[in-house]
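Protein chains: 2
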Amino acid sequence: MSAQSEHAGSRPLSLDALVSLLEKIFLRHGTSAEVARVLAENCAGAERDGAHSHGVFRIPGYVSTLKSGWVNGRAVPVVEDVASGFVRVDAANGFAQPALAAARPLLVEKARSAGIAVLAIRNSHHFAALWPDVEPFAYEGLVALSVVNSMTCVVPHGADRPLFGTNPIAFAAPRAAGEPIVFDLATSAIAHGDVQIAARKGELLPPGMGVDSLGQPTRDPKAILEGGALLPFGGHKGSALSMMVELLAAALTGGHFSFEFDWSNHPGAKTPWTGQLLIVIDPSKAAGQDFAERSQELVRQMHGVGLRRLPGDRRHRERAKSAEQGITLDEQTLAQLQALA
Amino acid sequence: MSAQSEHAGSRPLSLDALVSLLEKIFLRHGTSAEVARVLAENCAGAERDGAHSHGVFRIPGYVSTLKSGWVNGRAVPVVEDVASGFVRVDAANGFAQPALAAARPLLVEKARSAGIAVLAIRNSHHFAALWPDVEPFAYEGLVALSVVNSMTCVVPHGADRPLFGTNPIAFAAPRAAGEPIVFDLATSAIAHGDVQIAARKGELLPPGMGVDSLGQPTRDPKAILEGGALLPFGGHKGSALSMMVELLAAALTGGHFSFEFDWSNHPGAKTPWTGQLLIVIDPSKAAGQDFAERSQELVRQMHGVGLRRLPGDRRHRERAKSAEQGITLDEQTLAQLQALA
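First to last, the protein sequences are chains W and C. Just so we're aligned, residue 1 is where the first sequence starts under UniProt numbering, counting upward by one. Just so we're aligned, residue 1 is where the second sequence starts under UniProt numbering, counting upward by one.
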């Protein structure tokens, strides 16, 4: 297999091996077994799918956050059955993914019964990609939409200073003859993780992504990270969507807005302490032809007008490649992870 | 009042007078009394709020569509109570707004009981702004999100030819000390109505809005309308959102995709025959402080970072001005409307 590896000195790992390694790291830094399992699967899955900005790149941030005492790695989420279509979870200052895992069976049951259901997670830390939260619903034949707010780093369109988080929107829908249709888009012009990766590599960003500490446009990722800020994507429209994410993920969950938490007493803390909203719809309640057949028809037509790549296609290709060849990490990264385990 | 008019020869009308005039036009062109009332209030409300691209500017399009036999102006929507959170309406080849009006009481009842509810409208024609569909929910203390697909005129990002509609997303949320937070954004780089207005005025568009019939970028609105197409806003992200609107508004309702209807046998037809989805959430089910107080806090902070104008502010200012001074139409437009009545 090493002959097929992309980088000199890299070693391929199986998904299970990477999950086990990451689980050890989480456990060693004070999480419960359940939290370690959920976060390790999430993070290894992103790495497997080539979503490097949310893969093992995030592990040092998880570790420093756990060390800082900012997040409770042993939190037990409290699920509240509020109404026939409404589930709440108090993540109890823990991570959002275990809170979703705890509430998920009730959420799915309600969506199938009521036709639609909402999950409002509050008091939660989300430090991962958002698409892993919605994609599994599509594999179960459901349509899912999720939003999560983060931490002040985006200047609202028309404002002078940052207020919003990168505030992603993720969506997943089943289709008949292929992988689900899934996208996950930051409402910032660029994802924060991609700015961090560019800074680490010493690369310049495209124009229009952010401003420096004086509010001036810059292409230097370090200037954005050190006192600067990002811009929303698509001008006033992306800014309106980012505002909507603040309202849905924070105001509608009982969580913090992106500007409301203060981690200054927790050096090393990296995880935004906010909220997350998921809406799940059962398309079998819809009129007309089967939803998955209809979404398949849309994809067929999209290819018909010359679209070569759908959102999510790259991830599925990388996933297949990883299943065949293993997950490739460079020696330095692997050594770093092993030292943390 | 005439001294305050903006245009020479313009005459201010009261909202009631404009509604009555538009009702007469709809009735004369074959709608039922209920349909005439709903559409007249919708259209006059847009004109009152300064949303000119969806105000009386649309009347000739409504009239030519009704004359063409493309839409049923006397359609009686059929409301189906599918599940505790799911309402469907067959608009019966009529307009979407009377279908929403017919299903609205059941939708609100379900949202308040289940915490969230969805309304799936199919077999419907939407030729108006989308914000009037969501704003009233916010005045009732509810959060509302709606999407509607339209007609092929937008090239998916990365494709060669148009497929999607302008596919707007509208959102409304209550706030404690002020008008609701409301936005309505086309997922195209520019709304189709604004292209039509620019074409009529002979103005050029900003760059990046559309392509001509050969797929080449153009700033000429006529080149876009005559065989050209629009681009999505915000590149691949706006394109992904437009795709989501097709799935939610058509696949999830049982309606047509933007590319599926054929009006070639109905010269004069202007109204897309598609579907519409509304999601309504009751924020009183959420944990924590009252939602409207929280959204008010977000607005306060947005002003605090230098934002002067919120989405919807201009409409509310125009609405107040219209209430005081009346609605100003130029003589030619008024004469045209009177001739149609």
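Check before you lean on any hint, since a few could be wrong.
Stated by the list, open to error - Looking from chain W toward chain C, a few residues come up when the C-beta cut is under 10 Å (computed):
1) Arg104
2) Leu106
3) Glu246
Claimed, not checked - For the chain W half of the interface with chain C, some residues (derived, Cβ under 8 Å), not all of them:
4) Leu185
5) Phe259
6) Met302
7) Leu340
8) Ala341
In short, the hints are calculated from the structure, not lab data. A quick note: this is a predicted structure, and the numbers were derived from the prediction, not measured. Idealized CB from N, CA, C, for every residue including glycine.
Structure-based check of each hint:
With 10 Å as the threshold, the beta carbon of Arg104 (chain W) stays out of range of chain C, its nearest partner Cβ sitting at about 17 Å, so the hint is violated. Interface hint status for Leu106 (chain W): violated, as the beta-carbon distance to the closest one in chain C is roughly 13 Å, over 10 Å. Interface hint status for Glu246 (chain W): upheld, as the beta-carbon distance to the closest one in chain C is roughly 6 Å, under 10 Å. Annotation: Leu185 (chain W) was flagged as interfacial toward chain C, and the flag holds, the nearest CB pair being 5 Å apart, inside 8 Å.
The beta carbon of Phe259 (chain W) comes within 6 Å of a beta carbon in chain C, closer than 8 Å, and the hint placing it at the interface holds. Given hint, Met302 (chain W) at the interface with chain C, holds; its Cβ is 6 Å from that chain's nearest Cβ, closer than 8 Å. A least Cβ separation of about 34 Å between Leu340 (chain W) and chain C goes past the 8 Å threshold, and the interface hint is therefore violated. Contact between Ala341 (chain W) and chain C, as hinted, is not supported at the beta carbon level, the nearest pair being about 37 Å apart and thus beyond 8 Å.
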